[in-house]
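Undergrad: What follows is each chain in one-letter form.
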Amino acid sequence: EPEVTQTPSHQVTQMGQEVILRCVPISNHLYFYWYRQILGQKVEFLVSFYNNEISEKSEIFDDQFSVERPDGSNFTLKIRSTKLEDSAMYFCASSAETGNQPQHFGDGTRLSIL
Amino acid sequence: SQQGEEDPQALSIQEGENATMNCSYKTSINNLQWYRQNSGRGLVHLILIRSNEREKHSGRLRVTLDTSKKSSSLLITASRAADTASYFCATGRAYSGAGSYQLTFGKGTKLSVIP
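Sequences listed follow chains S and H, in order.
As numbered in the working numbering, the first sequence has no gaps in its residue numbers, which increase by one up to the final residue, 117.
As numbered in the working numbering, the second sequence has no gaps in its residue numbers, which increase by one up to the final residue, 118.
Each hint should be verified, as a subset may be incorrect.
Listed below are the simulated DSSO-like cross-link pairs for lysine-lysine, each with C-alpha atoms no more than 30 Å apart in a straight line [said to hold, decoys possible]:
hint, chain 1, residue 1, chain 2, residue 2
1, S, 45, H, 73
2, S, 86, H, 72
3, H, 110, H, 72
4, S, 86, S, 60
Restraint-style ranges between C-beta atoms, simulated for each label pair [to be verified]:
hint, chain 1, residue 1, chain 2, residue 2, range
5, S, 54, H, 44, 29 to 39 Å
6, H, 64, S, 99, 35 to 45 Å
7, S, 6, H, 33, 41 to 51 Å
8, H, 71, S, 16, 41 to 51 Å
9, H, 67, S, 16, 36 to 46 Å
10, S, 54, H, 17, 41 to 51 Å
11, S, 76, H, 17, 20 to 30 Å
12, S, 84, H, 70, 17 to 27 Å
13, S, 66, H, 67, 18 to 28 Å
14, H, 83, S, 103, 25 to 35 Å
15, S, 20, H, 58, 17 to 27 Å
16, H, 63, S, 62, 22 to 32 Å
17, S, 61, H, 41, 19 to 29 Å
18, S, 12, H, 69, 18 to 28 Å
Only some residues are given here: those of chain S computed to face chain H with a beta carbon under 10 Å [claimed, not checked]:
hint, residue
19, 10
20, 14
21, 38
22, 107
None of these hints come from the bench; they were simulated from the model.
Glycine is no exception: its CB is placed at the ideal position from the N, C-alpha and C atoms.
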């Protein structure tokens, strides 16, 4: 069964450094999402992406965050200057058509900021 | 406002018993989805129910949706030890015309099935 894959599974970065989290969504899917889950807290929406542009973003997704679909298969989340509070599990998800379809999630990247 | 609050927070049952988890929400929704998360792993999609549907079944799973009460329930019948996981409801709503739906998750119910 097709699945969303995320790399790396664990990323350790010094505060202030840039980090790029990578995702390969399911191949025929059109909508792409990033969510994060701080340890012990709820999964939170960050951003949705469709037709090569951001369609929605939350208050968490400030100027330090950006997303890109550089080559038609990868979908990346970049954090420009990481802070301690960016430590979390980051999940990528994709869905096939309009959002009234299941969102399929990857296994996540655990980001640890030192 | 808080959306997608599950109840109970934790549930422990014997293998073979049924497990019922509830979810309440506050705003209007387009769909409600249930996910399972094993410790340290990703979210596995279980079932989606649209706002105009009242009940859906998938294998041992049964989901109901009552939009008048803004609540949903997930029933797992004949539970197995492998069902041990956290279960989350997530309400889906479109805020823009682009067709993407933002999911709002609850804190989850931690289910333990004892062999």
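Undergrad: Check the structure against each numbered hint from earlier and tell me which ones fail, lowest number first.
TA: 2, 6, 7, 11, 12, 13, 15, 16, 18, 19, 20
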